[in-house]
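Chains as they are written, first to last, in the working numbering: chain D, 1232 to 1554; chain V, 1232 to 1554.
FYI, nobody ran anything at the bench for these hints, they're computed from the structure.
C-beta: ideal position from N, C-alpha, C; glycine also.
One should not assume that every hint holds.
Stated by the list, open to error - Taking lysine-lysine and the DSS-like style, the derived pairs with C-alpha atoms no more than 27 Å apart in a straight line are:
| hint | chain 1 | residue 1 | chain 2 | residue 2 |
| --- | --- | --- | --- | --- |
| 1 | D | 1504 | D | 1521 |
| 2 | D | 1504 | D | 1455 |
| 3 | D | 1504 | D | 1524 |
| 4 | D | 1351 | V | 1524 |
| 5 | D | 1455 | V | 1351 |
| 6 | V | 1455 | V | 1351 |
| 7 | V | 1380 | V | 1455 |
| 8 | D | 1524 | D | 1351 |
| 9 | D | 1351 | V | 1455 |
Said to hold, decoys possible - Short, incomplete list of chain V residues facing chain D, as computed with Cβ under 7 Å:
| hint | residue |
| --- | --- |
| 10 | 1268 |
| 11 | 1301 |
| 12 | 1346 |
To be verified - Which residues of chain V face chain D? A partial, calculated answer using Cβ under 7 Å:
| hint | residue |
| --- | --- |
| 13 | 1260 |
| 14 | 1261 |
| 15 | 1263 |
| 16 | 1274 |
| 17 | 1279 |
| 18 | 1350 |
| 19 | 1372 |
| 20 | 1373 |
| 21 | 1375 |
| 22 | 1398 |
Protein chains: 2
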Amino acid sequence: MAEFELIEQHFTRLTRHTNLGIGDDAALISVSEGMELAISADMLVSGTHFFADADPYQLGWKSLAVNVSDMAAMGAVPKWVTLAIALPQQDDVWLSQFSQGFFACANTFNIDLIGGDTTKTQQKENLTISVQIMGEVPRGQAIKRSGAKVGDDIWVSGPLGKAAVGLQHLLGNLVIDSEAVTEHLAALHMPAPRVDLGIVLRGIANSCLDISDGLLGDLQHILKASNVGAQIQLNAIPTSEFIAQHLDGITFQRYVLAGGDDYELCFTAATDKADQILAVSQQLNLPLSKIGKITHEKALEVLDARQQTITLDSLGYNHFNGH
Amino acid sequence: MAEFELIEQHFTRLTRHTNLGIGDDAALISVSEGMELAISADMLVSGTHFFADADPYQLGWKSLAVNVSDMAAMGAVPKWVTLAIALPQQDDVWLSQFSQGFFACANTFNIDLIGGDTTKTQQKENLTISVQIMGEVPRGQAIKRSGAKVGDDIWVSGPLGKAAVGLQHLLGNLVIDSEAVTEHLAALHMPAPRVDLGIVLRGIANSCLDISDGLLGDLQHILKASNVGAQIQLNAIPTSEFIAQHLDGITFQRYVLAGGDDYELCFTAATDKADQILAVSQQLNLPLSKIGKITHEKALEVLDARQQTITLDSLGYNHFNGH
Chain D
1232 MAEFELIEQH FTRLTRHTNL GIGDDAALIS VSEGMELAIS ADMLVSGTHF FADADPYQLG
1292 WKSLAVNVSD MAAMGAVPKW VTLAIALPQQ DDVWLSQFSQ GFFACANTFN IDLIGGDTTK
1352 TQQKENLTIS VQIMGEVPRG QAIKRSGAKV GDDIWVSGPL GKAAVGLQHL LGNLVIDSEA
1412 VTEHLAALHM PAPRVDLGIV LRGIANSCLD ISDGLLGDLQ HILKASNVGA QIQLNAIPTS
1472 EFIAQHLDGI TFQRYVLAGG DDYELCFTAA TDKADQILAV SQQLNLPLSK IGKITHEKAL
1532 EVLDARQQTI TLDSLGYNHF NGH
Chain V
1232 MAEFELIEQH FTRLTRHTNL GIGDDAALIS VSEGMELAIS ADMLVSGTHF FADADPYQLG
1292 WKSLAVNVSD MAAMGAVPKW VTLAIALPQQ DDVWLSQFSQ GFFACANTFN IDLIGGDTTK
1352 TQQKENLTIS VQIMGEVPRG QAIKRSGAKV GDDIWVSGPL GKAAVGLQHL LGNLVIDSEA
1412 VTEHLAALHM PAPRVDLGIV LRGIANSCLD ISDGLLGDLQ HILKASNVGA QIQLNAIPTS
1472 EFIAQHLDGI TFQRYVLAGG DDYELCFTAA TDKADQILAV SQQLNLPLSK IGKITHEKAL
1532 EVLDARQQTI TLDSLGYNHF NGH
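With these hints in hand, go ahead and build the complete structure from the sequences.
What follows is the structure, given as structure tokens:
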């Protein structure tokens, strides 16, 4: 039952907004008056979501950050999280670094860790991290995937494709300039969830989600949930200088349209909200780009500079079967 | 992204008390007026908590039941759960049976599944199940581990040791009568969390927890949290007919004092609550047994029939180091 010592040693911190934290059969929290609780769970598995020898600090950050991103996508304020880890052997150095990265993210977003469970597994390949996050959103104001309306502009935050470039660089499939390496690996290892943006988008955006599997794959969830289609302008999609300057054709399309792990937000809003959204971009010092329109025809179309339709099948996507 | 089809196919059910269920970036729930939210997370790992070839229906039931038991131990009403599974290959038969067992338990306790995540792993040994449960308890009425008072009676529900006997039988370490097999394997595979008891114990018990790691190991969590000691009467501990008739000495002590996986409740209450507790036992048709007293001296003592102190070190326990 070393579990308890492990948790006490590495995962017990002062909580900010929790009635009873780690150490009993359950934690106790109070949800503020007039608020709904938003809840999301994600599991990261060694070999599938990260390399077995991934840097523990960065892995700790990312394990929480990808869940924080789900709160951002709902317009919720993340407040509480539970963490369950199955790890090969009691490795205090690994756990210490992992917890430092995890709490670096928790402190950045003012989140309390309120529950923990650690289990010893057999092989190194078994490293499994399960995180559940909870946050508050004013009742009825959460931004769902199902609210997109015909005629909405489609927006994305930040540049897309950077994390995918970082991953392909690590896999040795892509050579990138040394000065670009840091930037693209940071996007892959230390994603910055757009919590502030999600909160401001309440009442502005009709639908929203975070881009974890690639723009087209994720956008299709909005289209399916809202029963609409979309037309995207390829050249309007923001990306990194390196991608814009060094990649083109199918390769370029792959990274910006289907590159995963960006954790930027994709949202739709009525056209008359454009000025408000550009003001938000200024206010948050975060690029927000209008990349297309929600259409009545239930298809996802991407147009190139010459307004020619791009064949998405080349990206391994069939309309509405991407998921 | 077959994840979405898997979840839709096996894990989407009608929800009873959820504002937004599976399918968006997060689920949305409302916590009732005047209630606190109780939250607990548990991870079950193949090879550590169950056999890789465990019956999927029973595994589904137990994965949820052990978490429901944490709600019972707090006096909370379980209402919502999220489930993350990492499984070796997309096995529809396994997932179908697992989800049937999981929902059998969910329906028994009126719990909504509000979040899901399934991941493909490499080896069969990697099967990992991560559950987080949430429930409601009237603000300030949760039964904590830290409330035990000197002079309190110590109570346990049901018989202890049955699950441990079932496990040792499976491991081939213990031969038991064929008519006893069913009873003891059921205790191991399909535990019955004591939710009704936990709710009734609000305002009666001073402290409570569920017995998952064995009576002594778990009781020590109460003693440590409450800064008290305890004296237990071995012969007052309820157990099964098979254990009482066929096991004795150290073997008997191992099963009733240190046998895990029982998921009965251990609680303490003032002596003048005894009649009320016996009435509860009648009302719930659930045996509740007074097995000892909370003491001022910070030690855990177990007395045999002749009021001789039993050496617990023989059970692998050192006082206050059992955890």
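Is it true that the CA of residue 1455 (chain D) sits at most 27 Å from the CA of residue 1351 (chain V)?
holds (24 Å)
Close enough to count: is the Cβ of residue 1274 (chain V) nearer than 7 Å to one in chain D?
This interface hint holds because 4 Å falls under the 7 Å limit.
Given the hinted pair residue 1351 (chain D) and residue 1455 (chain V), is their alpha-carbon gap at most 27 Å?
Roughly 24 Å separates the two Cα atoms, so the pair holds.
Under the criterion of a CB-CB separation shorter than 7 Å, is residue 1263 (chain V) in contact with chain D as hinted?
Nearest chain D Cβ about 10 Å off; hint violated.
Taking 7 Å as the limit, does the beta-carbon of residue 1375 (chain V) come near enough to a beta-carbon in chain D?
holds (5 Å)
Under 7 Å, Cβ to Cβ, is where residue 1346 (chain V) needs to be relative to chain D, so tell me if that hint holds or is violated.
Constraint on residue 1346 (chain V) satisfied, holds at 4 Å.
What's the verdict on residue 1455 (chain V) and residue 1351 (chain V), does the C-alpha distance respect the 27 Å limit or exceed it?
violated (41 Å)
Once the shortest beta carbon distance from residue 1279 (chain V) to chain D is found, is it less than 7 Å?
holds (6 Å)
Hint validation: residue 1268 (chain V) versus chain D, beta carbon distance must be below 7 Å. Holds or violated?
holds (5 Å)
If you take the shortest Cβ to Cβ gap from residue 1260 (chain V) to chain D, is it below 7 Å?
Holds - the Cβ of residue 1260 (chain V) comes within 7 Å of chain D, reaching about 5 Å at its closest.
Was the hint right that residue 1261 (chain V) lines chain D, CB cutoff 7 Å?
Nearest chain D Cβ about 6 Å off; hint holds.
Restraint satisfaction for residue 1373 (chain V) [CB to CB of chain D, less than 7 Å]:
holds (6 Å)
Violated hints, listed in ascending order, are 4, 6, 8, 15, 19, 22; each of the other numbered hints is respected by the structure.
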